[in-house]
Amino acid sequence: MITCPNCGEMVGNNVDTCFNCSYDFKLRRVPSRRETYAQSEEERQMIKEEEEEKFKSRLAEINAQKPETLLKNAYYEYRTEYLFDDASGELRKRDLDDVLGRYAADGWRLHTMVVNEAGKNETIVGVGGFSNGVNATIDVTILVFERCIKPAEF
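Its first residue numbered 1, the sequence shown is counted upward by one per residue in this note's numbering.
It should be emphasised that the hints constitute simulated quantities derived from the structure, not laboratory data. Source: prediction; values computed, not measured. Glycine included, C-beta positions come from ideal geometry on N, C-alpha and C. Wrong hints could be hidden among the right ones.
Said to hold, decoys possible - Here are the simulated lysine-lysine pairs, DSS-like style, with alpha carbons at most 25 Å apart:
| id | residue 1 | residue 2 |
| --- | --- | --- |
| 1 | LYS66 | LYS56 |
| 2 | LYS26 | LYS54 |
| 3 | LYS66 | LYS26 |
| 4 | LYS150 | LYS72 |
| 5 | LYS48 | LYS26 |
| 6 | LYS150 | LYS66 |
| 7 | LYS54 | LYS66 |
What the hints assert, rightly or not - So the derived label-pair ranges between C-beta atoms look like this:
| id | residue 1 | residue 2 | range |
| --- | --- | --- | --- |
| 8 | LYS72 | GLY12 | 50 to 56 Å |
| 9 | ASP95 | ARG29 | 50 to 56 Å |
| 10 | LEU96 | VAL15 | 57 to 63 Å |
| 11 | THR3 | LEU110 | 21 to 27 Å |
| 12 | ILE62 | ASN20 | 28 to 34 Å |
| 13 | ASN13 | GLU43 | 27 to 33 Å |
| 14 | ALA104 | TYR75 | 18 to 24 Å |
| 15 | ILE149 | GLU42 | 51 to 57 Å |
| 16 | SER22 | ALA105 | 55 to 61 Å |
| 17 | ASN14 | LEU71 | 33 to 39 Å |
Turn these sequences into a full structure, and let the hints guide you.
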């Protein structure tokens with residue numbers, strides 16, 4: 001048994017095409033509708049070459065437009081700040097206000113805020129497979145700020 005690389009279905013070792021997704025093991029891809037109904041191997045090869053040419057020309061067209069498009073896009077810069085909980089497990093509001101105020105004064109805006117919980121296990125005494133310890137969590141608040149360097153051109 002082998003696994004289809006396209007859909008993960010288990011198929012027999014001597015199968016040419018996956019019955020679930022029509023993946024062709026000889027072509028190493030799912031053939032197009034035209035290829036599926038093509039009568040001869042020569043016709044299939046001709047269709048494959050046509051499709052590759054279309055893809056290459058479209059890719060060249062996209063790459064030719066890319067610099068012009070990129071120059072019109074806005075540019076941003078990002079900064080990250082980490083705020084740790086205090087000993088009681090609370091985020092200090094004053095620290096959060098200070099960070100937000102400092103960045104806002106410099107033209108930054110809050111883009112993303114994530115709380116990451118970091119666990120901590122500490123064993124004090126261990127005897128015969130039994131132990132006494134502390135299991136605590138500390139939250140880290142991650143703030144991502146964003147500032148526009150160059151606005152988009154229309």
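Each hint tested on the structure:
Of the pairs offered as hints, the one joining LYS66 and LYS56 holds, with about 15 Å between alpha carbons and a cut-off of 25 Å not exceeded. Using a Cα cut-off of 25 Å, the hinted pair LYS26 and LYS54 holds, with the two alpha carbons roughly 22 Å apart. Proximity of LYS66 to LYS26 is assessed by CA-CA distance (about 35 Å); at most 25 Å being required, the pair is judged violated. For the given pair, LYS150 sits about 9 Å from LYS72 by alpha-carbon distance, which is consistent with the 25 Å threshold.
Proposed proximity of LYS48 and LYS26 is supported: the alpha carbons are some 13 Å apart, at most 25 Å. Under the criterion of a C-alpha separation no larger than 25 Å, the hint pairing LYS150 with LYS66 is consistent with the structure, at around 18 Å. In summary, the hint linking LYS54 to LYS66 is supported, as the alpha carbons are separated by about 18 Å, within the 25 Å threshold. For LYS72 paired with GLY12, a C-beta distance near 53 Å keeps the hint of 50 to 56 Å intact.
For the pair ASP95 and ARG29, the supplied restraint of 50 to 56 Å holds, since their beta-carbon distance comes to about 54 Å. About 60 Å separates the C-beta atoms of LEU96 and VAL15, a value consistent with the hinted range of 57 to 63 Å. In this structure the hint that THR3 and LEU110 lie 21 to 27 Å apart at CB is violated, the actual value being about 45 Å. Separation of ILE62 from ASN20 is about 32 Å and conforms to the stated range, judged on CB atoms against 28 to 34 Å.
Checked against the hint of 27 to 33 Å, the pair ASN13 and GLU43 passes, with Cβ atoms roughly 28 Å apart. Distance hint check for ALA104 and TYR75: the Cβ-Cβ separation is about 20 Å, which falls inside the suggested range of 18 to 24 Å. A C-beta distance of roughly 55 Å is found between ILE149 and GLU42, which places it inside the suggested range of 51 to 57 Å. With their beta carbons about 59 Å apart, SER22 and ALA105 fall inside the hinted range of 55 to 61 Å.
A beta carbon spacing of about 54 Å between ASN14 and LEU71 contradicts the range 33 to 39 Å that was offered as a hint.
Consistency note: the structure conflicts with the earlier hints numbered 3, 11 and 17.
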